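A.B. asks: Just need the whole structure built from these sequences, with the hints factored in.
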Amino acid sequence: MSTIEKPRTYASSMPSMDTYTETPPQGIGWVMFSAIMLGFVGVWGIIDGILAISSSKIFTASATYVFSDLRTWGWIVLILGVLSVTAAFSLFTGSEFARWFGIGVASLSAMGQLLFVQANPWWSMAIFTVDVLIIYGLAVYAGSRLKME
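Take the position in the sequence shown, starting the count at 1, then add 654; the result is the number in the numbering used here.
If you anchor each label on the Cβ, the simulated ranges turn out as follows:
hint	residue 1	residue 2	range
1	Met686	Phe751	15 to 23 angstroms
2	Leu787	Tyr719	21 to 29 angstroms
3	Val736	Trp776	18 to 26 angstroms
4	Trp776	Gly748	33 to 41 angstroms
5	Ile658	Ile690	51 to 59 angstroms
6	Arg725	Leu762	17 to 25 angstroms
7	Glu750	Trp729	24 to 32 angstroms
Just so you know, the hints here were simulated from the structure itself, not pulled from any lab data. Computed from a predicted structure; not experimentally measured. For glycine and all other residues, C-beta sits at the position ideal for the given N, C-alpha and C.
C.D. replies: The following block contains the structure:
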């Protein structure tokens, strides 16, 4: 027999594992996805806006816009990009205002991309699709619903 003893553990003195595990609120993944993607949409909107203002060659040359020209749409997309980045950062506060501000900015971005579709059709439709997913994530899961659960 050896003289080394096993350490004694008492089941009654150790807290159960259930006290340490918390389940995250339902929909936290959608809210994080919405915030991160709203930031990406904003950054790409800023880049698109700068490229359109400088009359870059990546846009369709013979495009006909709903109103005005490529430079005007560049300014519109640039402003929407700045608003999207602002909304993305505000979503991390978890406030109800941030939720509705994010939904509003994503809605404006989606409409702006549909009107800007003549400049770069595939890219505008991709950003429009992401905007729709952002609106879904914020409308269904963000705000006070996230805090209550």
